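Participant: Whenever a hint applies, use it, and build me the whole structure from the sequences.
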Amino acid sequence: MNAENVCKVNNLDTFADLLAPFGQDVSTQITIQDGQGAPYFLDKINIKFTDEFSLGKQHALEATEINELLQRSVAGHSDHIQDLSFVSGAGVGNEAVAAEDISSWAPWYTLFRQQWVNETKASEHESFLHPVACLLVVSGSEADPVASFHELQRHPVVHRVQTQSFSATNVLFYYMLVHDERDTAVLQTIDTKFDQVRRAFGQNTSMLRLNSNTDLLGTGSSDRAKVSGVWTNHYSATHPWAPPLEKSFGTIMTMRDVTALRDSVKNFMVKSVIPHMQYLIRVLSEQTANQRRGITGRLFSAGRRYFGSSTKTNSTLKGIGSDLYFRYDSPEAMMRKLADYSFMLKDYRFAQSVYQVARRDFQSEKAWKCYAGAQEMVGLSKLMLEIHATKAEFESNFEDAISMYLHKTHAPQHFLAVRCIILYYELLKHHKLYSFAPAALLRVPESTASLFALMNEQAAYAYLKHSPRPEIRRFSFYAMISAQAYQGAGMPDLAYRCLRAVHLTLGASFSAMKQDTRGYVATAEEKPALVETPDDKLADSSAKTDSSTATGSENNIAMYSSWAAIDSYINHELGRQCMVAQRYDEAFMYFMALMGDDKVPPKLQAKYLQELLQLFLESCEKAAEDKDSSENDSQFLSPVELSIPVIDPHLARIIMSPELEGEDGLFIWKNDGSSPSQSDTTSSGSMADRCCSVGEVAAVLLVMSNPLTIGVTLNNFTLDCRFDPIDDDSQDESGAPKYEVSTVPSVILEGGQTTMVTVQIVPHCAGSISILGARYLLCDILPTFKQLRLPGRRLNNTKEQQLKSTYAPESTLGFRVDPTLPRLEMTLEEFPESLMSGSMCQVSLRIENRGQIACKSAALWISHPSFFDIKSPHLMAEDVDVDAVESMYAYKDTIADVETVQVSNVLQNSSTFILVGQAYGNSPAELAKDRNLQHLVPIEQLEPGSTCVVPLWLRGDRVGAHTLNMCVGASTDAALLNMRPPRTTNNAKSTTNDLCRMRSRMFEIDLLVTPSLRVNAFVRPSTKNPHERILGIDVENVHPDLHVELVQATFSSGYYRLTPLATTQSLKPGSGDVKEGIKVRLGPRQTISLVYRALPYKTSANGYTTPLDLSALPELFTVNALRQYIYSSEKPSQLPDSIDLVYSNQILGDRSVGCIHSSLQGFIVRAQATRRRNMLRANYSLIPESYFSFLFPLFETFGIDFVLFWSEIGGSHRSGHHSITGIDLGVPHDYVNEALNPPSEGVTRTWLADTAQERETLISSIANRPSAIGRYERPLDVVMKVEKTEHCTKSTEPGSPLYIIDVAISVYNHSWRYAYSLTLDLLSPKDLDLGSLEDVNLDNTGSRAAWTWIGQTSYSMSVAQHGMVTVNANLSCLASGVIDIGLWHLIAKAATGEETTEIPFSLAYSYDTSRNMQFRSKSQECNLYPHQPCFVAVGNDDKESEAV
Amino acid sequence: MSTKFLKEGIDNVQIGMDCHREMLQPGGSHDSMLIVVMAASFYFAIVGTNDSPLYEAEFGIQREENKYLQQFVVHAALDLVDDVQFMTSGCYLKAVDRYNDWTVSAYVTPSNARFMLLHEAKPEDPIRSFFAACHELYLRTLLNPFYEANTSILSQAFDAKVHTLAKKYLI
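Chains as they are written, first to last, in full-length UniProt numbering: chain A, 1 to 1444; chain B, 1 to 171.
It is possible that part of the hints are untrue.
Stated by the list, open to error - Cβ-Cβ distance ranges computed for the label pairs, FRET-style:
| # | chain 1 | residue 1 | chain 2 | residue 2 | range |
| --- | --- | --- | --- | --- | --- |
| 1 | A | Lys603 | B | Phe146 | 46 to 54 Å |
| 2 | A | Ser746 | B | Glu148 | 39 to 47 Å |
| 3 | B | Glu148 | A | Asn796 | 24 to 32 Å |
| 4 | A | Ser705 | B | Glu148 | 22 to 30 Å |
Don't read these hints as lab results, they were simulated from the structure. All figures in this text were calculated on a predicted structure; none of them were measured in a lab. Beta carbons are placed, not taken as given, at the ideal position from N, Cα and C, and that holds for glycine.
Facilitator: In structure tokens:
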């Protein structure tokens, strides 16, 4: 009425609104009594003013309603959703989390809670929200206020309060007279009116003066705002979701009025309401509770339960819906009211005890809603009361209450349950008991997704607030559940927020964990620092990669926690959220992270892939729309980089001219016979090495594997390349494509499959092409770009580079296009797959110049020189008859038995051949000499388009499967080719380092060599001559059906000539003529032995060997050179002199083969060189191979090489030869060891221990080389030979003859180094007795019995190196028979000092005891005794002697 | 939310039962108890010290769709294991967590590898035996010089043995 007008002018709807702000925190400041009568201080109290009361039905809690409620809550904080301040990329910060309040993380919960509270309505089972007092307001302008008050008491609301509310008749009426200051008319009468009212209604009356701002001028805007603020603040506190009101409240009020209002509310409370409540508490307590508490109370209630319940049902219980309630006048309801009132007055202890009693009653009556309410209040009271509440005391109450609300009541009281949860949660938060919170929050029913989501989110945050550390794993679990629920409730923003939080926390915690384990390395690898280069392009590209790595680490977007299913779920959900929100690039990242996870089941992988493609199509559409509207080129059209398939750039290969076999590139050719190789090990595979000429096809081979278990297809697979012209000036702007890249239409990759894809690039201009990456359409839809970049090698030069990993500029996959490069095409023709061992077969190598420029030099290298004989190349155009190519064997009718020829003894590089260009050497003499070995005339140059053919003879050298490498190098520059055999120069180094770069192609050829003949040689000493040896050759035909005819056996040696012990005639006894028609044939599985006697070639007729020319001996050369190599600072640079070889031929068939001056000789020599090199390599592993030519000759003096020619009878008439090289017939003395003794002068001093150590190692490795072990070492040998036997009879007695025997005793010196001075004592049998002990009886009866040396028995003499000295001695013998004359003692001492000037060593030798004695002792001083008896038959004319 | 998953689980169980029925049709109907027992579903994981799973296995009915949920539940239960492990001296921690119908039992080896078993209601003793046997297997794996501690166990033999143990004790 008029009182309402007072409000209306102030823009307030009702009087309740006017008073509402003053109901908060009314400071009562009074002391009141609690339930037991003890006083306590009540500081503040809150009251709520309302102008309406009805027992409304509680919310049924419709899902849509709650959703709306929540949507409203979130709407105000849409900006907050993106903000995940509490989790960063670094994970959850413990301190930050502990400091912050949960409400700041999810402000919408606070709003929701407030709305929930506002929505709460009064319920029958509790007295909260039921009015305690009724405030009746009448305006002072009323004529009769008392009448108006009476009238108001009959108002329907007041009636409802009296009938329906808990207070019922006990409600307190308070009468307020409001005076409007503007109404000056009643100013005089107002006091009297108030007196009337006071008289009529007693002390529960008050008067309020308002609207004092009568003049409307205002006391200033600040004051006005302050007044208005009182209401606006309250409004925004209770309705925080609503938009701020435009209305200005309290327009005509001043601060004085505000104070008046506050005071009147305080008076209302302190004077009337609280005393009223206290009074009621006392009354109710007396009526009900006091008698019910304690033992008696319980007994009473028990009795009542059993005896009086039937009457109770009718009188006190009533049903609303199907739940049971108590009438307000029933003792149970009164108890509840009593407890509630006590609770309101903050007497929690008393309230709790009353609630507990009431709870039992409700339980016994099965009034579950009331019971749940009481239970809830018990818990609340406990929490309000106890500061350090423990779990057991309140948790069960709440659990019980919530489950009762939800399950026991007839219709689930969701609203009350949620209210209970909220209250409980708020109290727990207040007490910081976060560990209890989740359990409570998670009791929320799942039926309402949004509510469930909200509560789960809070639960997750509660886990974060756990002390001492946040429980991140549980947080992420509940955040995930919450996200699911939000998703279900149609709130994707919040769902996305929750998932992001999970993603960040889990990802961060895992990466932190990884950081711990992997440590520094991982980070270093992630961000390779690139060195800045002056080159603009490189700098540009490196900057690009820098930025890409930076963004990569920033948007560390992919989930990675090693829990595969979790990761894929989170990534997938986030991706979908982003997709829905049309944040396509973010979605792409999530989806891309999904790809490539093989732990995900195939079904899901297929789904993810499908969705990714879908995503792309959508984004394309979107981009198209955008483009239409704003001409804005969207970035989605640029291809994304995806993890499938995996392409390892390290495995990518660029193959030049892929249609040809073999490896192509710039190779470095060395002239020491080693294989041409890619130029440098450090920069191998870099761009500089790969080049091709214009128009040539280069194939890029990529290995890609599919990490998924489902198959994918890649379409239009091609490569992105960058073309850099060779110099910028020559850039032509014609626009013609500089290169062409082929496209592979489709590649199908099954799950887990690895496949190779070849893409061809054809360059059209000179320059360089580098491959940037692969580009393809995934499943024909998604354009994908895959970067193929390799960091350069790790730099390690400066300290800075060492401290952090720095890499050289990337060595991109790429190649050069060089128009000056030769472009040769090589094909091997008629190459057999298998070959019989020893047999020869002609093949040819065809080389075509397909380039633009004539090839001026070309060379061929073969890994197995003993398999090949190369003939002169010829051009195709010359029309050379193939048959005109020199045959391998030069057959002759006759051949001398012995031939000598002087050949070079240089161990050559036999692997490399010059095909095109200048031959070795310049002088014709040199040329001729070289041709002797190589027998190869190169052609001058190869014109473009012309073809040359190189005839090759292929021989199956060794049985087995071989992989032969063949390399052809070519260059258009004639000067490049400076391949020369090592020759005597002053500087050895310049020779050994001669190398050149040529474009080369390396082939691999597989050849199977099948066995045919097996040839073995064995050597025996001959008894006839100490220099003579018996050499046996066993030839076995192991081929199952091969009939061969042996043609010729040829031996070559520097010292020996060989004569057959058995002639061909004797091989076939019974045949007549020697020369004619006799063939040595060998069927399958047959064996033949050939035996030869080897005699020194220069043996004179009397059996003595002419002394060797020591200075020219290859062995001596080796000793000197090796010693120089070991001890001198100057490395040897002298090449061995040529050697005279003796060729001994035995013709076995009807033809003969000329070995000398034929190409065969060259081939055999090369084969020999290869074998010898291999042998040296095995024996002298520490000596570099380039020194072999200067240390070791090709032939040794005492070695014998054996070649056996054969031809097949019938069949294909194959012919071939087998050979055995290096049959050692030589002396047992190991001459190499002599080189190990240091010379007297010229020894380089070693300053460093390392150098000395190195030398030690070298020496011991030579001393212990494999071939030296087990070698018998005896520098001197004594040979006795009976010259003449004289039979004389001195004695008169017949029959007792006396034999005088002349014995020639020869001492041989095998040493190359020492001349010896020696003393030879001949011992007679009886001399032996002298040295023996007394009691030993020597057997002097036998062969030792009756002879003795006569004449001189002791000789002093000296013997030169490798020389022989002979003395004659006599012995007399009494009886005929066989006697052992091998009784002597030899004391030898190496000739020392200046005396031995004749030693022809380049480094003079001197005996120096301070030097290393290790290799000296054996050969410098020795005592020799016979190690073999020497039997002589005496008395017979046939003298048979056996010499050592 | 989770009721939905439960329903799916039940569907799976029914499908599984149908399959078994079909298989067992000729044999007779007295095996129905066996079918019910076999319908149980288990998820077993060995979690290394850096919280990443070293080994995962599923026994009984496979539920591919829920795999992430299983992992999530087990992963979340690790937080509880961290608390519970100091309250007992034994390795076996019994049931540490519960989510809807699922129970997570845990077992902590002295080297802090955690064996987690997600299962439905089940008596404790077989689970304890299963864990003990798995611990033995795990120790043998650790003894392998080619196995680096805290890395994934990829051994086929290990997998086969764990499945055998699961058959013996759980299914």
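Participant: Which hint numbers does the structure go against, in order from smallest to largest?
Facilitator: Of the numbered hints given earlier, the structure breaks just one, which is hint 1.
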